[in-house]
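Student: Sequence:
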Amino acid sequence: MSAHLAPRPLSALVVDLAQAPALTGPRDVAVTHYSSDSREIGPAGLFVAVRGFTADGHDYLDAAIAAGAAAVIAEVPRPASLPAGVAWLQVPDTTWALAVIADAFWSHPSETVQVLATTGTNGKTTITYLLRDILRAAGHVPGLLSTVEVLIGDERQPTIFTTPPAPALQALLAAMRDRGCTHAVVEASSHGLQQYRIAAFKVAVAGFTNLTRDHLDYHETMAAYLAAKTRLFSDLARAACINIDDPAGRGLAAAFAGPLLTVSRSGAAEADLRALTAIFDLDGCRVTVATPEGDVALTTRLIGAHNLENALVALGMARLAGVPYAVAASALATATGARGRLERVATAAATGPAVFVDYAHTPDALDNVLTALRPLVAGRLVCVFGAGGDRDRGKRPEMAAASARTADLSVVTSDNPRTEDPDAIIADIVAGLPAGAPHLVEPDRRAAIARAVADAGPGDAVLIAGKGHEDYQIVGTTRHPFDDARVAREALEQTEARP
751 MSAHLAPRPL
761 SALVVDLAQA
771 PALTGPRDVA
781 VTHYSSDSRE
791 IGPAGLFVAV
801 RGFTADGHDY
811 LDAAIAAGAA
821 AVIAEVPRPA
831 SLPAGVAWLQ
841 VPDTTWALAV
851 IADAFWSHPS
861 ETVQVLATTG
871 TNGKTTITYL
881 LRDILRAAGH
891 VPGLLSTVEV
901 LIGDERQPTI
911 FTTPPAPALQ
921 ALLAAMRDRG
931 CTHAVVEASS
941 HGLQQYRIAA
951 FKVAVAGFTN
961 LTRDHLDYHE
971 TMAAYLAAKT
981 RLFSDLARAA
991 CINIDDPAGR
1001 GLAAAFAGPL
1011 LTVSRSGAAE
1021 ADLRALTAIF
1031 DLDGCRVTVA
1041 TPEGDVALTT
1051 RLIGAHNLEN
1061 ALVALGMARL
1071 AGVPYAVAAS
1081 ALATATGARG
1091 RLERVATAAA
1101 TGPAVFVDYA
1111 HTPDALDNVL
1121 TALRPLVAGR
1131 LVCVFGAGGD
1141 RDRGKRPEMA
1151 AASARTADLS
1161 VVTSDNPRTE
1171 DPDAIIADIV
1181 AGLPAGAPHL
1191 VEPDRRAAIA
1201 RAVADAGPGD
1211 AVLIAGKGHE
1221 DYQIVGTTRH
1231 PFDDARVARE
1241 ALEQTEARP
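The opening residue of the sequence shown carries number 751 in the numbering used here; numbering runs sequentially from there.
No lab work stands behind these hints, which were simulated from the structure alone. Every residue, glycine too, gets a C-beta built ideally from N, C-alpha and C.
Label-pair distances were calculated between CB atoms; the ranges are:
{"hint": "1", "residue 1": "F803", "residue 2": "E1240", "range": "36 to 42 Å"}
{"hint": "2", "residue 1": "S1080", "residue 2": "E1240", "range": "35 to 41 Å"}
{"hint": "3", "residue 1": "D928", "residue 2": "T1038", "range": "40 to 46 Å"}
{"hint": "4", "residue 1": "V765", "residue 2": "A973", "range": "30 to 36 Å"}
{"hint": "5", "residue 1": "Y1222", "residue 2": "R886", "range": "26 to 32 Å"}
Let's have the full structure, built from the sequences with the hints guiding it.
Tutor: Encoded structure:
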């Protein structure tokens, strides 16, 4: 529910909608709160009738007016029966209007807080944490909005959205402003962009990582998925840092008209920031990066080539935000990134296999992580993974193929089955394994992790993929406590305690 603030004239809230001719009724009616939920509307409330996935706010216009709404924003003309004292604004898209109202209601927080927003299939969360560390090293006070958590300065709040709905997002950004944050590093998901959640943001710097298969249960086609990502650059960003090793990134870079830095981990000559030489090991990466201001020696504790890509995007975004390369590189040397992103599970004994937890839940992400680990592992590489229920079924066999290409053993288990049959999900996954590919099936995720760790020895590595930072497993519609890192640590300690 929107917070109640001092009364504001409606005309001040809707000025950015540019729909004045469609505003009927009292233009300066006082508004103290707004919502797209009619149950949250009272006297002096502004009701925004949004067409949602399960309900249409236009079906609740009468309820909002009966509750005392002073004004309504809708996609339909003003009803003849509407009381004369109620203001009515007709707009083409109320989802977009809700974002604009949220921004105005909180007095345009992104005009004060400099927003750095990252989009792409993989890498968004890691980059937000890298940017937070860089900005802190540069003397700034950043807030953070990510899949893992919300940070208002150092105050932590849990989150269930990669990009929260517009009202919550603007309220969080306003809280950052009011508590002295100078910057906000934000994950911009395709859902959030498609649904205009950040439509009213003034984005100082946008970053793009890559585009691979994900969320097709929602977007249906890769073209629609890319179109959602493109909005960040075509509609919102003043400056951009774009990975041009990705074909979609090349297109975005070619079309972008503002200040731009392009990056390439493969060393593409046309990139502004390009990796020249790189050494990878289980302690991270050491690389020389060519920049428009000269070569920069960069060391990162993050493992793998995909994390070098993330570091390059963070480096470029930070530079566009005014942070010198030397300051950013120094911060990256100690940055650990986000929890659950190739996070090594540590034990006191440290005598067993190397065990990692990662959020990889797309074919490309899984391929990237396994490819990063393969040359660093002397023994066997074991991959424990599943696929989410009630989500894109097409990526399930592709996940299996990605695992089989690089891992010595695939352990197929449950992820978040939600309302689907776990065995049916596993069958979809196993169908993608090549004939004869070594694999085990264990639907119980705890048992699968325990077995994979117990069967591995010193010199081997076990990757537990799919859930990363999540501390729950969704079975049916219930979230059960489950933390991959904790379960893996228990299994590893038991393995190391064996005579």
